[in-house]
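**Q** Single-letter residue listing:
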Amino acid sequence: MKKQVFDLSPGSRITGKWNGRTYTTIKKLGAGACGTVFLCRSEQGDTYALKVGEDSSRMMLEVNMLKKFSKVQGVKLGPSFVDVDDWINPSGRSFPFYVMEYVDGTPLPEFLKGKTKDWVGIFAIQLLTDLENLHHAGYVFGDLKTENLLISSSRVRWIDVGGVTAIGRAIKEYTEFYDRGYWNLGSRKAEATYDLFAVTMIMMEMGYPKRFDKGSHPYKTLESKLASSSVLKPYRRIIQQCWKGKIQNAADMKRALSDILMKRSGTNSSRVQKRRSAKESENRELATLTLTAGVVFGVSVLSFFL
Amino acid sequence: MKPGRIKQILLLTDGCSNHGEDPVVVAALARNQGITVNVIGVLDDRQNGKPQGLEEVESIAEAGGGVSQIVYQKSLSQTVQMVTRQAMTQTIQGVVNKELQEILGKNQTIEELPPEQRGEVVEVVDELGESSDLEVLVLVDTSASMHHKLPTVKEALFDLSLSLNARSGSNQFSVYAFPDPKKTITKMVDWTPELGEIHGIFSKLNSGGYTPTGPALKEAVYAFAGKPLMERMRNEEDPYEETGF
Ligand SMILES: Nc1ncnc2c1ncn2[C@@H]1O[C@H](COP(=O)(O)OP(=O)(O)OP(=O)(O)O)[C@@H](O)[C@H]1O
Ligand SMILES: [Mg+2]
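Here the protein sequences line up with chains H and A, keeping their order.
Per the numbering used here, numbering of the first sequence is gapless, rising by one per residue and ending at 456.
Per the numbering used here, numbering of the second sequence is gapless, rising by one per residue and ending at 246.
Don't take each hint at face value.
As the list claims (entries may be wrong) - In the BS3-like style, the derived pairs of lysine-lysine whose C-alpha atoms are separated by at most 27 Å in a straight line are: (1) H:K360 x H:K383; (2) H:K263 x H:K339; (3) H:K364 x H:K413; (4) H:K370 x H:K360; (5) H:K360 x H:K178; (6) A:K99 x H:K364; (7) H:K265 x H:K375; (8) A:K155 x H:K370; (9) H:K364 x H:K375; (10) H:K339 x H:K413; (11) H:K364 x A:K183; (12) A:K107 x H:K339; (13) H:K167 x A:K107; (14) H:K167 x H:K265; (15) H:K339 x H:K364; (16) H:K167 x A:K99; (17) H:K177 x H:K267; (18) A:K155 x H:K339; (19) H:K394 x A:K107; (20) H:K265 x H:K218; (21) H:K360 x A:K75; (22) H:K375 x A:K99; (23) H:K218 x H:K339; (24) A:K183 x H:K370.
Hints in this document: simulated from the structure, not taken from any laboratory.
No experiment lies behind these values; they were computed from the predicted model shown.
Model the full assembly from the supplied sequences, consistent with the hints where possible.
**A** Written as structure tokens, this is what we have:
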């Protein structure tokens, strides 16, 4: 489990041993448990994200997932797949790499800075829309966390499909804070509800950007954190229902969240009127987001914001 | 290929052995018996810098064909399941590589296949990781310096059971502690499919000032050998059948 750090300076050329294509690195995008991701340019001049690592099996499983989801028609689940190959480094060692669509976006926490409560719900709804598709295709996302989410053209996009697992199998990759097993709230079997729990924790994180540990009474910890966050107040009930296993699929959770947003629009309209000019630009952004999310209830939410 | 039975010893310790035979030698012996040895070195959360003696952790796992990791208490749960998983994959890959060599000759391994075929083979490996039967004997160092870490160890074992039981393959766990003045190791939990209810475990411990990792490991190998024999007799299988796939 020794981690290799790939410090390729900008302008490094990576040529595949099998397909012979060359990619030139532009900059490092990030590093994770199983590899380093670079922004790169192909010979044709297109920009992509290139991931190079050591564990060729694990990398290949990721490639298989990317390929699968490039095929799911209509909806985009994860970055699209471009190329897979091995790179022989200057000292003669072979490293697996793959190339995918570059998702040019802002990390979720950064994007959310200074935004209103409604965003929490809107994001959850967007995420749930994608999850619904993924679940229908027979998979769960597994390692759902804010690091694996980017906001790109007002749309939440997930990167890193390393944790995607066929429904019914065991979850292999997870991050404790988002894992219902860690909180004693269920198994690590790949079920739709596994992802729904992670969505509630992403919501919790919006109230507690630094996250928190489970302590000696995990459920009590969750409850008290939920109760003392004003950002999460509108969503308290639905989050609790999810923890208690009362919400079974993404569609139901999405519907419940939409109801909350609509109710808020009814009771808060006068307040919103007053803040209107100040918040106008943000609301427009929010509206675009809602539209692109394809929320069924989008129209009513829209009418509230405009 | 039908899923087989994978056998592992998981050693949790925080220091170097100082008594009896060399654990590295015993680990190699275990490996010969078809048992993989994984080792996790558990650091104190307050400890900073690498303490002495933990180099052994890596050598034991290497000789035992397994995986090693040195971690702080707070990441013990996640590490225990990751190490176990990784070692499983490693074992399966070893078997698959052997088959590849039989079919393709040369020194063909998964890594050297062209991407297309590699993509297919890793799916097979993944599927076997999901469906293989697994036996894990957990061997816990309960010497004095480990005492305050035992609650964390207990939690990590519960978590391990949670992770592995999400698979479709069956699991068997047992837990042993060492040192024990009379028998070198003490059985804490007999073979069980779940490590859910292990209250009271590690409650009555007697530890001297020595850490006989080698002898303990050897006893663990014996304890392992005894188990499938009995189980197979019950199942009326040939007790001398080769283990593995
Ligand atoms: N397609 C992409 N477009 C843009 N950025 C990306 C893309 N893929 C990865 N990144 C960036 O690289 C980082 C690491 O990638 P990734 O999460 O795939 O690595 P990893 O080794 O699987 O990490 P971990 O498993 O620890 O999450 C990401 O957090 C992200 O910032
Ligand atoms: Mg990842």
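**Q** Now tell me if each hint is right for this structure.
**A** Quick rundown of the hints versus the structure:
This hinted pair checks out: H:K360 and H:K383 have alpha carbons roughly 18 Å apart, not beyond 27 Å. Restraint check: the Cα-Cα separation between H:K263 and H:K339 comes to about 34 Å, which exceeds 27 Å; the hinted pair is violated. For the hint linking H:K364 to H:K413, the alpha-carbon distance of about 32 Å lies beyond 27 Å, and the restraint is violated. The hinted pair formed by H:K370 and H:K360 meets the criterion: a straight-line CA distance of about 18 Å does not exceed 27 Å.
A C-alpha spacing of about 25 Å is found between H:K360 and H:K178, which places the hinted pair at or below 27 Å, so the restraint holds. For the suggested pair A:K99 and H:K364, the alpha carbons sit about 44 Å apart, so the restraint of at most 27 Å is broken. Restraint check for H:K265 and H:K375: satisfied, since their Cα atoms lie roughly 20 Å apart, inside the 27 Å limit. Distance hint between A:K155 and H:K370 is fulfilled; the C-alpha atoms sit about 21 Å from each other, no more than 27 Å.
Annotation: proposed proximity of H:K364 to H:K375 holds, straight-line Cα distance about 10 Å (limit 27 Å). Distance restraint check for H:K339 and H:K413: the Cα-Cα separation of roughly 35 Å exceeds the 27 Å cut-off, and the hinted pair is therefore not satisfied. At most 27 Å may separate the alpha-carbon atoms for a hinted pair to count; H:K364 and A:K183 exceed this at roughly 39 Å. Between A:K107 and H:K339 the CA atoms are separated by roughly 39 Å; this puts the pair beyond 27 Å, and the hint is violated.
Proposed proximity of H:K167 and A:K107 is supported: the alpha carbons are some 20 Å apart, at most 27 Å. A hinted pair counts as satisfied when its Cα atoms are at most 27 Å apart, and H:K167 with H:K265 does not qualify at roughly 47 Å. For the hint pairing H:K339 with H:K364, the CA-to-CA distance comes to about 21 Å; that is within 27 Å, so the pair holds. With a C-alpha separation of about 24 Å, the suggested pair H:K167 and A:K99 falls inside the 27 Å cut-off, and the hint holds.
For the hint pairing H:K177 with H:K267, the CA-to-CA distance comes to about 35 Å; that exceeds 27 Å, so the pair is violated. This hinted pair checks out: A:K155 and H:K339 have alpha carbons roughly 22 Å apart, not beyond 27 Å. Our distance criterion of 27 Å between C-alpha atoms is broken by H:K394 and A:K107, whose separation comes to about 56 Å. Under the criterion of a C-alpha separation no larger than 27 Å, the hint pairing H:K265 with H:K218 is inconsistent with the structure, at around 35 Å.
Straight-line distance between C-alpha atoms of H:K360 and A:K75 comes to about 17 Å, which keeps the hinted pair within the 27 Å bound. Our distance criterion of 27 Å between C-alpha atoms is broken by H:K375 and A:K99, whose separation comes to about 52 Å. Only pairs whose Cα atoms come within 27 Å are accepted, and H:K218 paired with H:K339 is accepted, the gap being roughly 21 Å. Distance restraint check for A:K183 and H:K370: the Cα-Cα separation of roughly 44 Å exceeds the 27 Å cut-off, and the hinted pair is therefore not satisfied.
When each numbered hint is compared with the structure, violations occur for hints 2, 3, 6, 10, 11, 12, 14, 17, 19, 20, 22, 24.
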